[in-house]
Amino acid sequence: MFNFANPFKLRERGVMGMNQRNFSYIGRYNDRSLYPNVDDKLKTKKLALEHNIAVPDLIGIVRYQHDVKHVFDILKQHNGFCIKPAKGSGGKGILVILQTDDNGYKKASGEYVSHDELIRHISNILAGLFSLGGAADVALIEALIEFDPIFEGLSHEGVPDIRLIVFQGYPMMAMLRLATHTSDGKANLHQGAVGVGIDIATGKAKRAVQYDCPIAIHPDTGKSLTDVEINNWQQLLTLAAGCYEMSGLKYLGADIVLDKQEGPLVLELNARPGLAIQIANGMGMLPRLRQIEGLNHKRPISIDERVEYAQTHFND
Amino acid sequence: MSSRLPFFILVTALVLAGLSSIYYRHAEMGVPLTAGEQIDIWQIEAEIEFIGKDAPVIAKFTLPKDPNFDLVDEFTASPAYGVHLIRDEQHSEVVWSKRQVKGKQTLYYQASYKLALNPIDEPVAEQLRETEMLSKPYQGSAQELLNEAYDKSGNRKFLILQVLNLLNSDNQNVALLLSKYSKTEIFVQLMIMAKVPAMMVRGLVLEDSRRNQQLIPLLKVYVNNQWQMFDVEAGKFSKDLPILVWQQDSPSLLDVTGGKNSKVSFSISHSTQSALREANSAATKGDVFDLGLYHLPIEEQNLFKGILLLPIGALVVVFLRVIIGLKCSGTFMPILIATSFIQTELVTGVVGFLVIVSAGLIIRSYLSHLNLLLVSRISAVVILVIGIIVLFTVIAFRMGLTEVLSITFFPMIIMAWTIERMSILWEEEGGKEVLIQGSGSLIVAVIAYLMMDNLLIRHWAFNFLGVHLLIMAAVLLMGQYTGYRLLELRRFKPIAEDKGL
Numbered sequence: 001m002f003n004f005a006n007p008f009k010l011r012e013r014g015v016m017g018m019n020q021r022n023f024s025y026i027g028r029y030n031d032r033s034l035y036p037n038v039d040d041k042l043k044t045k046k047l048a049l050e051h052n053i054a055v056p057d058l059i060g061i062v063r064y065q066h067d068v069k070h071v072f073d074i075l076k077q078h079n080g081f082c083i084k085p086a087k088g089s090g091g092k093g094i095l096v097i098l099q100t101d102d103n104g105y106k107k108a109s110g111e112y113v114s115h116d117e118l119i120r121h122i123s124n125i126l127a128g129l130f131s132l133g134g135a136a137d138v139a140l141i142e143a144l145i146e147f148d149p150i151f152e153g154l155s156h157e158g159v160p161d162i163r164l165i166v167f168q169g170y171p172m173m174a175m176l177r178l179a180t181h182t183s184d185g186k187a188n189l190h191q192g193a194v195g196v197g198i199d200i201a202t203g204k205a206k207r208a209v210q211y212d213c214p215i216a217i218h219p220d221t222g223k224s225l226t227d228v229e230i231n232n233w234q235q236l237l238t239l240a241a242g243c244y245e246m247s248g249l250k251y252l253g254a255d256i257v258l259d260k261q262e263g264p265l266v267l268e269l270n271a272r273p274g275l276a277i278q279i280a281n282g283m284g285m286l287p288r289l290r291q292i293e294g295l296n297h298k299r300p301i302s303i304d305e306r307v308e309y310a311q312t313h314f315n316d
Numbered sequence: 001m002s003s004r005l006p007f008f009i010l011v012t013a014l015v016l017a018g019l020s021s022i023y024y025r026h027a028e029m030g031v032p033l034t035a036g037e038q039i040d041i042w043q044i045e046a047e048i049e050f051i052g053k054d055a056p057v058i059a060k061f062t063l064p065k066d067p068n069f070d071l072v073d074e075f076t077a078s079p080a081y082g083v084h085l086i087r088d089e090q091h092s093e094v095v096w097s098k099r100q101v102k103g104k105q106t107l108y109y110q111a112s113y114k115l116a117l118n119p120i121d122e123p124v125a126e127q128l129r130e131t132e133m134l135s136k137p138y139q140g141s142a143q144e145l146l147n148e149a150y151d152k153s154g155n156r157k158f159l160i161l162q163v164l165n166l167l168n169s170d171n172q173n174v175a176l177l178l179s180k181y182s183k184t185e186i187f188v189q190l191m192i193m194a195k196v197p198a199m200m201v202r203g204l205v206l207e208d209s210r211r212n213q214q215l216i217p218l219l220k221v222y223v224n225n226q227w228q229m230f231d232v233e234a235g236k237f238s239k240d241l242p243i244l245v246w247q248q249d250s251p252s253l254l255d256v257t258g259g260k261n262s263k264v265s266f267s268i269s270h271s272t273q274s275a276l277r278e279a280n281s282a283a284t285k286g287d288v289f290d291l292g293l294y295h296l297p298i299e300e301q302n303l304f305k306g307i308l309l310l311p312i313g314a315l316v317v318v319f320l321r322v323i324i325g326l327k328c329s330g331t332f333m334p335i336l337i338a339t340s341f342i343q344t345e346l347v348t349g350v351v352g353f354l355v356i357v358s359a360g361l362i363i364r365s366y367l368s369h370l371n372l373l374l375v376s377r378i379s380a381v382v383i384l385v386i387g388i389i390v391l392f393t394v395i396a397f398r399m400g401l402t403e404v405l406s407i408t409f410f411p412m413i414i415m416a417w418t419i420e421r422m423s424i425l426w427e428e429e430g431g432k433e434v435l436i437q438g439s440g441s442l443i444v445a446v447i448a449y450l451m452m453d454n455l456l457i458r459h460w461a462f463n464f465l466g467v468h469l470l471i472m473a474a475v476l477l478m479g480q481y482t483g484y485r486l487l488e489l490r491r492f493k494p495i496a497e498d499k500g501l
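First to last, the sequence lines map onto chains E and R.
This note's numbering numbers the first residue of the first sequence as 1 and each following residue consecutively.
This note's numbering numbers the first residue of the second sequence as 1 and each following residue consecutively.
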């Protein structure tokens, strides 16, 4: 019960706490007026297209309740798709349909969703059930991501994604998030997903944790977690670094997926990224944040220069 | 860093303003630091009797001016007399007058006194003025007595005791002096000759339920840098009973012209009174600057008694979230639940809360199947909550459980939102998260309740508005706290222990 770490030890390791994140980084570096850029996924998508940031294809938008039934016209043309609220937070309200067949719409878990349930889900999104503060919302329908075969056997019922913390445009810490049976296909660490710390320099796995405890193999599939190496790593870092210019947020969490065909795609951006990434990496993020804060440039630094800086300085 | 300076100045100003307001309320206005504190009130009644000589009467009765006591209230009872209370710097008296007076007359003066908050120390110098000397033959004896006492004593206190010893012995000088003067008079004279500030006063020993008391002569001497009362007849410094000095260098206690056989007797009774009520009634009629809430109508006062507890609850929430790191659903929902616990009492409140929320969650899970829009669903839950409350109240009343009736104090809309939010949480994150956040909210609510229900805290929140400035300062300071939360120390434990990196 009273199993507490020594706070001085944590300080020494540069672990950032919630209060410090809120006060010293989010409060200081993230301009509130820029939040809609990331909180509204529709806006994020538009910005991404303007800035040549790769994102999953948008196949439809449902704005009004009376449009809900028309959604099936759109869905007819696609076998698999993903419905999400534009202003949802924490992965709430995201419905992933892998395929459509005679039984209805098949979810990643193998369960089927009926026609009516699909309508109800979209109605809930429009009514603002999943949005911050319950404001009326818009439902986005995206193309299904076919994840890269390198993740085969690594994720249970869910899309593995890579969370990068980008500070002032420098990618500085990364984590691969893998859904498990206990996390019910979700990629949130506190719900039991596996977090794999990734070396910024190489894209190779460093260590993996589930429920804050180190593990070596995936609990459902038994596949080794420490051998993971993400291909296209540099391309992925470049994509994440570019999210800084796109959103304007200086302290940013970028969630990126690897698609079989299209390569790295930005799934969503987060103005208040969580702190679990430190546990997955087994290190605090303060030293790197301070290192970047200490940089003093007289000219704007290009994305490639920032990626190069991150890869040379942030290796373990 | 310069941006933090104004912040700290603001916080310091808030703390100083808060503390000085609390100090002022306590020290200057006498608002007690604890609730239910009692103060002693002495009610003194002077009964004045004389026989009218069928002529105009003016009766002057000297009133006490004792810096150690504060007058609470006073009144006179005297049929058909004109009464004037005269108070000035030096002297205060009550004067009764009547044109034609015959036969036995009884006049009453009644006053209540309390111990003074800030007794004013009288200057010493004033007391050292010359008084008339003893007449010639006695002066020598007095000097001899004094010399003897002086030789046998080390300091003022012992000098006084030594003089007393001599006065009570069968010394020849003493016998001579006593033939002309009273013991107290001799004593004062000896003290003056010894350059010890001393004066003769007459005072009333305050003892409960005493009737027919008289003023007793006392010696007021300056010993150990303070004035002390010395009872010459009893031969000791009187400390055990408070003494109200009634007469001090004023000509006479009672002066009746047009009457004869006048006499005064006192009766004393003791009572206690709420120190708070006393301070407030003094403030309402007094001239002290007052920002208390007691000038408001009672209804508003009661309203503020509730409202002023909310900052306490807010402080608890900020502390538990920022410093401890507890999760709860809704930022201030726990405070509102805590305020309803105040009405319902803790056990009934917690049981009622759990019953309503779990019954609500069960029925709400059916509502999810109905495919309703958000606003109508929430409205349905509001109606549901009211229905549950009505149902439980009626059933409980039939069963004779009257304490359950108080569950009507729960804020319905807040309960509805709590149920709605928890229901969604259940669907999305599972029952475990509902349990974590639900019990987190309940813990915060119970702690906030325990703080808000504490008698001392209630007393402070309402009577010392400065407390709220201190709370403000604390909340601002916690808003800048960037250290770890207590529960984060557990969360990040693996990193601290990891040595392999």
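In case anyone wonders, no lab produced these hints; they're calculated from the structure.
Warning: the hint list may mix true and false statements.
[Unchecked claim] Residues from chain R that keep clear of chain E, each with C-beta distances beyond 12 Å, as calculated: (1) Lys-263; (2) Leu-293; (3) Arg-321; (4) Ser-376; (5) Ile-378; (6) Met-399; (7) Gly-430; (8) Gln-480.
[Claimed, not checked] Short derived list, chain E residues pointing at chain R, Cβ under 7 Å: (9) Gly-17; (10) Asn-19; (11) Phe-23.
[Unchecked claim] Mimicking DMTMM-like on lysine to aspartate or glutamate, the simulated pairs with C-alpha atoms at most 20 Å apart in a straight line are: (12) Lys-493/R / Asp-212/E; (13) Lys-327/R / Asp-212/E; (14) Lys-263/R / Glu-47/R; (15) Lys-92/E / Asp-40/R.
Keep in mind the model is a prediction, meaning the values are calculated, not measured.
Just so you know, even glycine gets a beta-carbon here, dropped at the ideal spot from N, CA and C.
Does the no-contact call for Met-399/R survive, Cβ to all of chain E over 12 Å? holds (38 Å)
With d taken as the least Cβ-Cβ distance between Lys-263/R and chain E, does d exceed 12 Å? holds (78 Å)
Holds or violated: is there a CB of chain R closer than 7 Å to the CB of Asn-19/E? With Cβ-Cβ at 5 Å, under 7 Å, it holds.
Is it true that the CA of Lys-493/R sits at most 20 Å from the CA of Asp-212/E? holds (9 Å)
Given hint Phe-23/E near chain R, where the shortest CB pair must fall under 7 Å: holds (5 Å)
Can we confirm that no CB of chain E comes within 12 Å of the CB of Gln-480/R? The claim breaks: Gln-480/R does not keep its Cβ more than 12 Å from every Cβ of chain E (closest is about 7 Å).
Nearest-CB test (12 Å) between chain E and Ile-378/R: violated (9 Å)
Lys-327/R and Asp-212/E were given as a pair; does the straight-line alpha-carbon distance stay at or below 20 Å? Holds. Lys-327/R to Asp-212/E sits at ~18 Å (cutoff 20 Å).
Quick check on Gly-17/E please, does its C-beta sit within 7 Å of some C-beta on chain R? holds (4 Å)
Examine each Cβ of chain E, and state whether all of them lie more than 12 Å from the Cβ of Gly-430/R. The claim breaks: Gly-430/R does not keep its Cβ more than 12 Å from every Cβ of chain E (closest is about 7 Å).
Nearest-CB test (12 Å) between chain E and Arg-321/R: violated (10 Å)
Is Ser-376/R truly not at the interface, in the sense that its beta carbon sits beyond 12 Å from all beta carbons of chain E? violated (9 Å)
In the structure shown, a violation is registered for the earlier hints numbered 3, 4, 5, 7, 8, 15, in ascending order.
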